[in-house]
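Peer 1: Here is how the chains run, residue by residue.
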Amino acid sequence: MLDLIKQPWPWYLAGPLIALVAILLLFFGKSFGVSATLRTSCSILGAGKRTRFFDYNWKKDRWNLLFVLGAIVGGLLTSQLLMHPEITISQNTVQDLQAIGLQDTTSGFLPNDLFSIGSIFSIRGFVVFVVGGFLIGFGARYAGGCTSGHAISGLSNLQIPSLIAVIGFFIGGLLMTHFLLPYIIQL
Amino acid sequence: MKAIKYIVAGVLFGIVMTKSEVISWYRIQEMFRFQSFHMYGIIASAVLLLMLATFLIKKYHLKSVYGQPIIFNDKKRSIPRYLIGGTFFGLGWAMTGACPGPLYVLIGHGFAAISLVLLSALLGTYVYGLLRDRLPH
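Protein sequences appear in the order of chains A and B.
The numbering of the first sequence is this note's numbering, which starts it at 662 and goes up by one.
The numbering of the second sequence is this note's numbering, which starts it at 320 and goes up by one.
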């Protein structure tokens with residue numbers, strides 16, 4: 662059993678389990694959507710004093726901060742107890758990434774070229790961490806949700822706005838992957 | 320003990336995101352290069368199952384654990400808001416290889432640099448709040 666858990670999980674196990682998480686939250690009277698925690702955090706930090714968007718009843722959203730606290734604990738637990746040794750990705754992707762100059766295509770979750778702690782102080786690190794993070798936060802709130810809120814919750818509730826948002830996610834993602842990333846890696 | 324159940328759901332989420340490698344930068348690259356079915360299979364199977372659950376909840380008027388009706392809010396109709404906002408988000412998603420859920424999970428894995436991404440996402444959210452009235456929605 663433990664051996665089975667220690668293997669990487671296939672999509673047909675992971676997808677239904679993510680649905681289970683979303684269904685649990687529905688029965689807790691909540692809606693699955695992670696990026697809302699960023700707005701809640703801004704409000705808790707006092708952004709509501711100056712900006713109307715953050716001046717709302719954030720106490721009703723505190724549950725979501727507990728949810729992401731759980732997600733952090735889940736990551737920690739898995740990394741200590743249940744981790745599988747390595748990730749095998751498509752050979753085509755490995756070749757593509759090497760072709761645009763990424764050296765490290767084998768190290769677990771994040772390429773060292775981009776995410777090592779030392780790279781924080783490089784231009785490339787600044788772009789990936791600061792600009793990348795900014796785009797995630799700005800874009801998610803502008804679109805009213807991220808992958809969980811739109812691609813999972815919204816699409817399963819047949820929301821046309823969520824479909825438009827997901828199309829936007831792919832326009833941005835394809836632009837970045839195929840046109841911008843090759844330059845960013847060279848920085 | 321109201322709080323514990325949200326933490327438990329979050330822990331389950333963190334484990335699934337890790338074991339399915341959704342938190343991997345490489346998996347997101349595979350997805351945006353259409354070179355693996357993995358991410359599409361995960362999203363599609365999650366959506367289909369949740370769609371069924373949503374249908375059943377609405378059909379049988381199922382109630383939450385607090386005995387309240389389970390409500391699904393319709394999102395406001397607009398095109399520019401979702402398309403422009405979504406494109407910004409997609410640029411960030413493909414660059415960092417992480418959407419907000421995986422950011423938290425990766426911090427649990429001890430990737431210190433990811434905290435900087437999360438802080439920047441917080442800043443991006445704040446700047447959106449500042450500019451909100453001046454942006455097309």
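Simulated from the structure, these hints should not be mistaken for lab results.
Among the clues, some could well be false.
What the hints assert, rightly or not - If you want the ones that stay clear, here's a sample from chain A, every Cβ over 10 angstroms from chain B, calculated:
1) Leu663
2) Asp664
3) Phe714
4) Lys720
5) Gln764
6) Ile784
7) Gly800
8) Gln847
Said to hold, decoys possible - Partner residues are not named here, just some residues of chain B that face chain A (Cβ under 8 angstroms, in silico):
9) Val330
10) Val335
11) Glu340
12) Leu368
13) Thr373
14) Lys378
15) Tyr379
16) His380
17) Phe430
18) Gly443
19) Tyr445
Since we're looking at a predicted model, the values are computed, not measured.
From the three backbone atoms N, C-alpha and C, an ideal C-beta is built for every residue, glycine too.
Peer 1: If we take the beta carbon of A/Lys720, is the closest beta carbon in chain B still more than 10 angstroms away?
Peer 2: With a cut-off of 10 angstroms, A/Lys720 remains clear of chain B, as the shortest Cβ separation is near 13 angstroms.
Peer 1: Find the nearest Cβ of chain B to the Cβ of A/Asp664 and say whether that gap is larger than 10 angstroms.
Peer 2: Non-interface label stands for A/Asp664: nearest chain B Cβ at 13 angstroms, farther than 10 angstroms.
Peer 1: For the restraint on B/His380, tell me whether the closest CB of chain A is nearer than 8 angstroms.
Peer 2: Since the shortest Cβ distance to chain A is 13 angstroms, the answer is violated.
Peer 1: May I ask you to check that A/Ile784 keeps its beta-carbon over 10 angstroms from the closest beta-carbon of chain B?
Peer 2: holds (14 angstroms)
Peer 1: Does the interface hint hold: is B/Glu340 within less than 8 angstroms of chain A, judged Cβ to Cβ?
Peer 2: Check passed: Cβ of B/Glu340 comes within 5 angstroms of chain A, closer than 8 angstroms.
Peer 1: Given a cut of 8 angstroms on the nearest C-beta pair, is the interface hint for B/Val335 held or broken against chain A?
Peer 2: Holds, about 5 angstroms.
Peer 1: Is it correct that the beta-carbon of A/Phe714 has no partner in chain B closer than or equal to 10 angstroms?
Peer 2: Contrary to the label, A/Phe714 does not stay out of reach of chain B, its closest Cβ about 4 angstroms off (not over 10 angstroms).
Peer 1: Verify that the Cβ of A/Leu663 lies farther than 10 angstroms from every Cβ atom of chain B, and report whether the claim holds or is violated.
Peer 2: The claim holds: A/Leu663 sits with its nearest Cβ about 13 angstroms from chain B, beyond 10 angstroms.
Peer 1: Against chain A, with CB atoms and a cut of 8 angstroms, does the hint on B/Thr373 hold up?
Peer 2: Holds, about 5 angstroms.
Peer 1: Classify the hint on B/Gly443 as holds or violated, based on whether any CB of chain A lies nearer than 8 angstroms to its CB.
Peer 2: With Cβ-Cβ at 3 angstroms, under 8 angstroms, it holds.
Peer 1: Since A/Gln847 was said not to touch the interface, does its Cβ keep a gap of more than 10 angstroms from each Cβ of chain B?
Peer 2: Answer for A/Gln847: holds, closest chain B Cβ roughly 14 angstroms.
Peer 1: Over 10 angstroms from every CB of chain B: does A/Gly800 meet that, or does the non-interface label fail?
Peer 2: At roughly 3 angstroms from the nearest Cβ of chain B, A/Gly800 sits no farther out than 10 angstroms, so the non-interface label is violated.
When the structure is compared with the earlier hints, violations turn up for hints 3, 7, 14, 15, 16 and for no others.
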